[in-house]
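S.K.: Sequence:
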Amino acid sequence: MNKTIRRASVFCLLMVLALLVRATWVQAYEARALADDEHNRRNVIAQYAQPLGDIIVAGSPVTGSKETRSVDDLRYKRSYTQGELYAAVTGYSSQAYGATQLEGIYSDVLDGTDDRLKNPADLLTGEQTSPGDVVTTIDPGVQKAAFEALGDDRGAAVAIDPETGRILGMVSSPSYDPSDISGTSDGDAWQKLLDDKDKPLVNRALRQPLPPGSTFKLVVASAALENGLYSSVDEATDSPDPYTLPHTTTVLSNENPSAPCENATLRTALQYSCNNVFAKVAADLGQDKLKAMADAFGFDTEKLDVPVRASQSVYPSGMDDAQTALTGIGQFEVTATPLQMAMVSSALANGGELASPHMVSKVTDSDGSTLQEYSDGDTERVVKASTAEQLRSAMVTVVEEGTGSNARIDGAEVGGKTGTAQNGVDNSNTPYAWFTSYAKDDSTGKQVAVAVVVEDSGAARSEVSGNGLAAPIAQKMMKAALTS
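FYI, the numbering for the sequence shown is 69 to 552, going by the working numbering.
Among the hints, a few may not be true.
Simulated crosslink set (EDC-like; lysine to aspartate or glutamate; CA at most 16 Å straight-line) [claimed, not checked]: (1) Lys186 with Glu421; (2) Lys430 with Asp444; (3) Lys267 with Asp524; (4) Lys265 with Asp524; (5) Lys357 with Asp373; (6) Lys134 with Asp248.
Distance windows between CB atoms, simulated [to be verified]: (7) Ser454 with Pro325: 41 to 49 Å; (8) Leu439 with Glu531: 45 to 53 Å; (9) Gly296 with Asp388: 21 to 29 Å; (10) Ser299 with Pro375: 37 to 45 Å; (11) Ala453 with Asp264: 44 to 52 Å; (12) Pro375 with Ala453: 27 to 35 Å; (13) Leu87 with Gln118: 30 to 38 Å; (14) Gln118 with Thr92: 43 to 51 Å; (15) Asp388 with Gly132: 52 to 60 Å; (16) Leu439 with Ser300: 43 to 51 Å; (17) Glu531 with Asp263: 46 to 54 Å; (18) Trp258 with Met83: 41 to 49 Å.
If you are wondering where the hints come from, they were derived from the structure by calculation, not from laboratory data.
For every residue, glycine included, the Cβ atom is placed at its ideal position computed from N, Cα and C.
All chains should be built: construct the whole structure from the sequences, respecting the hints.
M.R.: Written as structure tokens, this is what we have:
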């Protein structure tokens, strides 16, 4: 054979072998990666080729699927029952913009591609199976009460069953209807949501940490009792009024100048929300003890999944004494989500034990068989039962005789703590109004813990208070939970 031809033949053979090796590698090792690639259009086509499974609230679906008529949309697109009401729970599933929250976390179950839904034959053939459902812990009465009470206010609310950790309600306002962005041709609606200065796509209940203001005083009071700084909520504290921040000339004032805050007990200090008392307690305890207490309640947890991941609530480190004192009133760099502040009240209501918060009870296949179950009552002790009992008593005083009067419910034990947190440089913006609370029905023993934040209600600055804006919302949620 001609030497040139022989070389050319060998080269061609090597090229063919290289192609065969490459093809084998792609099919054997890279097939899954290519199949799962977010840019693989076939995945989206397959996902919406059949109706999706549903997200369930109290036995009824709050989601659905409808066959599309638009040539631009895929065969089925997601629909929502009362979409605005449940958007903070479901998230959205969009043919163009992906999926978020429960829709995103359980997308494989809801579109039928989860391997747990397949029998052995399906696994071999790769056939798509009937989708499963996601069953939530949400109480529709509590959800509706929160949504209607928040109304046009910008803010969020969370309700938890203290004993089980079940999230009974979660609302973020302003909301949006996920149906408006579920297709492929909803670009205008999507851009409108992105451009909205109130950021309706942000789940404020989980993803918007803000200064908690005086609601954080419950954490500080817990630390004071747990560390033996004071033996009782009724023991007088060493708290001058006015109080000058350590090593500074800055005088910390109280909202109510006539309140009996000088050397007040922790009960009285919670009742009147005395800044001097809790700033002094924080300075006396020091940041390490306060951080340990805050972290026990859930602050600084990087992976708080309910199962949607919540943003980290923060108790800062590396502070001087004056900054530590300011954290005692929930300012400086302390931040918390409404979920976090609901967890504080929940732990105190549950005898000092924090039940792991969750808003999904189980995931099922199309026949209703359980694929995954989330247990109730998985608890960790935060404070002693005696500490929790004392603080519940003081919280009841806040509602019955102090700054939380708008949370009262006839026939129920209600305890709470108001908060008004500074917003902006030198408090130049409208303050945030907070309320965290618990309620227990005297006859049935039913309990609920709630946290509400109102970022902006349109009210005059002088009218912004936790009792005026947030407590009435919490009261409606607690009442709905106790009567459901």
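S.K.: Just pull the numbers of the violated hints for me, sorted ascending.
M.R.: Of the numbered hints given earlier, those the structure breaks are 1, 5, 7, 14 and 17, listed in rising order.
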